[in-house]
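Could you put the whole structure together from the sequences, leaning on the hints where they help?
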Amino acid sequence: MARQFHSKSRFGCTVCKKRRVKVDERQPICRGCARLRLECNYSHPRPSTTPESTSSTPLSMSLELEQSVSHVAEDHSASQSRPGFDLLDLTLMHHYATNTCQHLFTGDRQAQVWQHYIPNLGASNGVLMHGILAVTALHQAWKNPLDRDLYRTRALHHHGIGLPLFKSMVASASPETAEIIVAYVILLGIWIYASPDMTREQLSLDDVLSTVETVRTGRSVFHIYRDVVITTPIGIFLIPPCREPLLGRQVSLAHEALETLRKQVENPSEGKAVGHLQMLMDRYLAGADHTRSAAGWMASVGEDYWARLRGHHPHALLIFAYSCLLAYASEHACWWLTGWSERILLACSKALSPADKETINWDSHEQLIRTLGVELASLAKHRDEKSG
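No gaps in the numbering here: position 258 of the sequence shown is 258 in the UniProt record's numbering, and each next residue is one more.
Hints listed in this document are in silico derivations from the structure and should not be mistaken for laboratory results. Certain hints may be false.
Claimed, not checked - Straight-line distance between alpha carbons at most 30 Å, and here's what the computed DSSO-like set of lysine-lysine pairs gives:
hint: 1; residue 1: K357; residue 2: K263
hint: 2; residue 1: K263; residue 2: K350
hint: 3; residue 1: K357; residue 2: K272
hint: 4; residue 1: K143; residue 2: K263
To be verified - Derived CB-CB ranges, DEER-like:
hint: 5; residue 1: N144; residue 2: E259; range: 41 to 49 Å
hint: 6; residue 1: K143; residue 2: E259; range: 36 to 44 Å
hint: 7; residue 1: T232; residue 2: K350; range: 38 to 46 Å
hint: 8; residue 1: D147; residue 2: L346; range: 23 to 31 Å
hint: 9; residue 1: Q202; residue 2: G311; range: 16 to 24 Å
hint: 10; residue 1: Q112; residue 2: D86; range: 26 to 34 Å
A quick note: this is a predicted structure, and the numbers were derived from the prediction, not measured. Glycine is no exception: its CB is placed at the ideal position from the N, C-alpha and C atoms.
Following this line, the structure appears as structure tokens:
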């Protein structure tokens with residue numbers, strides 16, 4: 001087969017150029033930045049000529065579909081600087097207030113905050129409003145497969161506008177903006193969990209970790225201004241509601257599996273990460289809000305462990321895989337966690353070399369995680385149906 005040669009991009013995204021990856025020059029968000037949910041930046045205007053077509057991949061096909069949806073979404077997403085919101089956004093806001101807000105977290109007090117207080121807060125703050133609409137568009141894409149492309153495009157649009165605004169706000173954080181930052185971080189966490197399912201895309205381990213970095217940065221702002229945020233209505237988010245505890249043989253097996261894992265690791269930061277996972281698992285099994293437990297671990301583990309996970313250390317990846325237990329137990333009741341457990345397991349499996357898999361006995365651990373996860377999910381579903 002003749003070798004194909006490609007000319008060097010002169011107008012590509014500067015973010016992708018720095019990462020030394022293939023540049024496609026798609027605007028306003030290139031494929032690389034859309035895949036990793038990064039802020040896309042063009043230092044030079046793109047020429048008016050049509051770029052050469054690239055080979056079809058699941059990601060490129062999904063982005064090409066986004067160009068063929070209704071003119072309302074297409075025109076609105078063409079320019080990120082366009083002010084105001086259109087009728088589709090009003091429809092999304094109505095859906096948020098009547099539906100989405102009730103399916104983010106469990107508990108009546110949570111519903112009150114997310115249904116009434118957050119929209120009022122967003123009415124005077126653009127970054128939070130874009131976060132609300134981005135998550136709601138994802139929810140609609142999940143609920144309405146026939147209109148998936150329409151809502152997917154709008155979700156990417158609002159995320160593309162809101163994220164750089166959020167980063168600017170974090171750079172100049174203050175007690176006055178802390179509540180907005182924390183609220184957006186929570187919505188951004190939901191986006192990160194839900195968006196791969198929307199695009200039917202399997203992320204690599206590095207892709208997953210890159211998307212979480214922004215949430216971890218925002219969480220640091222919360223720690224700085226905790227005393228301020230805790231006094232606001234969004235502080236209710238920090239008080240998880242309790243349900244009936246989970247009981248059964250599977251619960252003790254999950255405890256035993258995590259305790260065995262903790263004894264296997266030698267690095268102190270990895271031991272702390274397992275301990276943190278055990279604490280969240282205990283809270284979940286005792287009846288605490290499962291969505292909070294499942295989503296919070298990645299954003300809150302220590303920096304030393306996170307660096308080892310970034311470096312693909314085998315035991316760090318194994319601990320990450322065991323965090324799937326919380327996701328397995330939550331997916332039946334949480335739309336934005338759908339498929340996350342299998343996504344993490346597959347990403348970890350692909351990141352481990354054959355030699356590393358043999359060293360940590362990966363196949364046995366993977367089977368145990370799936371078995372315990374399915375059993376915990378069955379227990380949780382039975383409990384929720386009984387209490388509902």
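Cross-check of the supplied hints:
no.	hint	in the structure
1	K357 - K263	18 Å, holds
2	K263 - K350	25 Å, holds
3	K357 - K272	22 Å, holds
4	K143 - K263	43 Å, violated
5	N144 - E259: 41 to 49 Å	44 Å, holds
6	K143 - E259: 36 to 44 Å	40 Å, holds
7	T232 - K350: 38 to 46 Å	42 Å, holds
8	D147 - L346: 23 to 31 Å	28 Å, holds
9	Q202 - G311: 16 to 24 Å	22 Å, holds
10	Q112 - D86: 26 to 34 Å	29 Å, holds
Hint 4 alone, counting from the list given before, is not met by this structure.
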